[in-house]
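Q: The chain contents come next:
Protein chains: 2
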Amino acid sequence: MYLENITSPADVKRLSIEQLKTLSSEIRTALLGKLSECGGHCGPNLGMVEATIAMHYVFDSPTDKIVFDVSHQCYTHKMLTGRASAFLDSSRYHDVSGYTEPSESPHDNFIIGHTSTSVSLAGGLAKGRDLNGEHYNVIAVIGDGSLSGGEALEGLDWAAELDSNFIIVVNDNQMSIAENHGGLYKNLEELRLSDGTCSNNLFRAMGLDYVYVSDGNDIESLISVFSKVKDVNHPVVVHINTLKGKGYLPAEQDKETWHWSMPFDIATGKLKNEFIGEDYNDLTALHLMELMKRDPKVCAITAGTPGIWGWTPQRREEAGKQFIDVGIAEEHAIALASGIAKAGGKPVAGICSSFIQRTYDQMSQDLCINDSPATILVLWASLASMTDVTHLCHFDIPLLSGIPNLVFLAPTNRDEYLAMLDWSVSYTSHPVAIRVPVGAVKSADRPVATDYSDLNKYEMVHRGKDVAILALGNFFSLGENVCRLLKEKGIDATLINPRFISGIDVEMLDSLTKDHKVVVTLEDGALEGGFGEKIARYLGNTDLKTLCYGAKKQFADRYSVAEFFAENRLVDSMIAEDVLEIIR
Amino acid sequence: MYLENITSPADVKRLSIEQLKTLSSEIRTALLGKLSECGGHCGPNLGMVEATIAMHYVFDSPTDKIVFDVSHQCYTHKMLTGRASAFLDSSRYHDVSGYTEPSESPHDNFIIGHTSTSVSLAGGLAKGRDLNGEHYNVIAVIGDGSLSGGEALEGLDWAAELDSNFIIVVNDNQMSIAENHGGLYKNLEELRLSDGTCSNNLFRAMGLDYVYVSDGNDIESLISVFSKVKDVNHPVVVHINTLKGKGYLPAEQDKETWHWSMPFDIATGKLKNEFIGEDYNDLTALHLMELMKRDPKVCAITAGTPGIWGWTPQRREEAGKQFIDVGIAEEHAIALASGIAKAGGKPVAGICSSFIQRTYDQMSQDLCINDSPATILVLWASLASMTDVTHLCHFDIPLLSGIPNLVFLAPTNRDEYLAMLDWSVSYTSHPVAIRVPVGAVKSADRPVATDYSDLNKYEMVHRGKDVAILALGNFFSLGENVCRLLKEKGIDATLINPRFISGIDVEMLDSLTKDHKVVVTLEDGALEGGFGEKIARYLGNTDLKTLCYGAKKQFADRYSVAEFFAENRLVDSMIAEDVLEIIR
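Chains E and Z are the protein sequences, given in the same order.
Everything in the first sequence is counted per our numbering, starting at 1 for the first residue and increasing by one.
Everything in the second sequence is counted per our numbering, starting at 1001 for the first residue and increasing by one.
I should point out that these hints are in silico values taken from the structure, not numbers from a laboratory.
Treat the hints loosely; a few may be bogus.
Covered stretches of chain E (in silico footprint by chain Z; criterion: 3 or more residues with CB under 8 Å from a CB of chain Z, positions within the stretch not fixed) [to be verified]:
| no. | segment |
| --- | --- |
| 1 | 120-127 |
| 2 | 288-300 |
| 3 | 327-335 |
| 4 | 338-349 |
| 5 | 445-459 |
| 6 | 525-539 |
| 7 | 549-556 |
From the three backbone atoms N, C-alpha and C, an ideal C-beta is built for every residue, glycine too.
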């Protein structure tokens, strides 16, 4: 076995082409071994084995710098840069992250997890190199749907002005997470069909030099082309045509399903622990399909991530023109929703909390200044959601709740969520964002409002005294538990479902001042700039004390959710303890 | 005169070509008349006179929908849609805004002021039209530097998938605010030089149909082409080659200066009230030039707006490769800064508060997760800065201050600002953002720290008792004034310069609990999610009361700064009054 003896790229350079081919098989076996146990990005890694070997064969990392877009395809890179054991030895599987991570290796230049950033980041390395008067190769790897993102296109456009070494490897696997969308992919197809020779060429039109590799899984031709562009004195695009999922038949045949997978059985391709039951993703897609059938003006918008909110290929097909995948282009998704709403349509855009971070300006300028009555579903928003630092879903409340005109809602259960969604789709006065619940689907155990037009009215679930708990969205049940614990200590706490993240129920808060001493806020997100702080400010000049619970300011990474909650005192017993300490 | 008789586009359609030419002269005279009195966007409007006339001659607004990017070139459109008097009658100059404004006219579809949004917004109108089963033309106008913005490129890429009417007019005036940057502009040049026929074509490469108009200031050819694309059944780009500033020689000759101008004398082109004296923009550019001379690793980055922080063409030339204009591409600017810093360079990116809104994800992911030690100057950040709703500079504190790893500083005077800038450029532990002071340049009247590495340590300017004023950045002098007024009432208030927007000086705040009753926070920005709320939360479970001052949640528009400050009680006497009421 070659792989277990590779401690650095120098060991790759010593192998013959035939040996490199054997190495690529070994890498695929290792990939499948780990992926089937731990889950992770299957298709992207399987497709990039040969290109990564060839890059390390030709270039001299870490002097030469390789920057992987999203870095979800960096597993082979990790194996070739001293971290093979994290893929070969199951006891060490968790030694490395699923993305590039400079703290692991000097061969990793950035922590990257969002798409479409590599050209700009690598462009910065190239410009920094030039300012320092140094000389080395800078290589940005991009593709797998990322090209359509605004930042990537800005980066490509800028790159043409750099008059020094810069190599942009476009990994064209004909896919995004789902199928590709956008006109530029037609051009990539023309380029593939013409062996890179067709007269219209997006990259050349952006002022860049261009080379095509027709088989991006052929080590020899990759080495040949990378050798030619090594030490080039200007920016050049190397367009490589790869097969996503290569070497694992299920992944080659169903590229969307195998983009990322939970642990699976290699022989059958079946998930080891398939989730059975209702989840908020399925619920959302199914409910929207019902709305679409009743009203042709209703449409759903995704930015390249249909699967994360239940939009399977079959459902997309059924929805037809009422389902719009704009490709990875979150900014466009929000502006498009604003335009559709202005034209009288009823758009519902679903964006993951982590990716809605890309759209603050579109939310503010395109949507909210124009008061376009679109619905934005903020998906997966929870401290218990994704735990990789680049995919945290912690920051959407601070990001969105201060934008004027936006009604931002936090449903606490299934029925309240669907009622809010129905109301929002028919509401025409303001844009509405809904923080879609995360976790097990719970039905309402109390009546649910159907009309939310009376803005910023909180729901008084139970009126007690001394202590009031404002338990927002996902944390409503945490609030219920705190109340239960306080009850055991003889305190009849008030329980409030705020419902509106974006406003203060002045009347209700004022009513608390008479017979309450402490107000507790609970939110399933970052504390800084969040919901609790608004309450603390409003009550700042009263005699009421405030205690705000949420995540303290930090970029947490690959954390245990239970430990994270304990560290942040997001545990019913801890909160009850804090309250008792203050009140006594 | 034709212009004064035009009450709607129907009146334009009645004129002959010769009459339209006369109309264009009348419009230019009106433009210069108003611009010379009120200031505004000169070059963009002068260049688009003929194209706007031709659009209204051919299309049927408001049934057909025209969406102007940035909408800073919509003055002719306003004149032709019933608002000519706002340009002809000086007593009515302020009847209309400088941007499209649906509340003024059904011919205006959106409130727009940021760049690069028109294709996505108009694309939404087109998609909404299709969902509704309606039929009309949708026209997006874009250009003047906006094409390089990520949202615009995302929009163009998406547009190719629309299988219905959509017309994208690319106003190619060969300029951004300053000169254009980016490879795509080389392609526009090739297209101009080849009369639109060169084989490489960015728009076709994005999957779009394409038509070229060689003289975009010739009404006849514009009418001819617009007539041809009217009612087209697929997306098409109409690339028109226009002259920015056309018809006013100073504006034709110095396009950058005349992009936007203060009131001027038409005969000489001289400003009526030229600002004489030091401002923070000049100060910044001059100081950075000094740093650059001493250290070749220092570089300045702008996203198409060099002029707003003192980077005149001459200074840019002098800085050479140490000055980087990435074009209108704010996302790329921040990612680039991160890359340069990682490569050992010392980048200083200057972005207007209003436009930094486009970069939250790049600030968070590309810069701060990677802890790249770049410096970001947040320019013009103040409630007293730009007052058009699309250009508000109110929201940068809520946006940035919650991002982990970012050190966000608020200098209170010239010397503190420059000391922070020097420190930041040499600091290598974290990214630093500096909220550059706005208003008259003030020198320090107390010693200024040179080292800010001891993070989140506030400056205790005066230790009094009972009342503490935390007066942030631009509002430090407001804090001084409040202290003075309180002194007159016998209260010796504590005055604190927080310096760090992004953190809490726990020790200092704790020390206040002993002998203080009220803590007042003053910040020159939006209250929601801002600095004061962090303080209110931290002190929420103490006996200290908090009073937070800043702008209440709203999209203010074209406000009188004095009135706005009074409405938000951002007046020393009002604040003193509030404090006295609480404390007595």
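Q: Hint by hint, note whether the structure agrees.
A: Results for each hint:
Coverage of the segment 120-127 of chain E by chain Z holds. Counting CB-CB distances below 8 Å, 8 residues qualify, and the rule asks for three or more. Given a C-beta distance limit of less than 8 Å, the hint that chain Z covers the segment 288-300 of chain E holds, as 3 residues qualify and 3 suffice. A stretch counts as covered by a chain when three or more of its residues have a beta carbon under 8 Å from one of that chain; for the segment 327-335 of chain E and chain Z the count is 5, and the coverage holds. Figure legend: the segment 338-349 of chain E, annotated as covered by chain Z; annotation consistent (9 residues with Cβ-Cβ distances under 8 Å, at least 3 required).
With 0 residues having a Cβ less than 8 Å from any Cβ of chain Z, the segment 445-459 of chain E misses the three-residue criterion, and the hint is violated. For a cut-off of 8 Å, the count of residues in the segment 525-539 of chain E with a CB near a CB of chain Z stands at 11, and the three-residue condition holds. Check on the segment 549-556 of chain E: 3 of its residues sit with their Cβ under 8 Å from a Cβ of chain Z, so the three-residue criterion for coverage holds.
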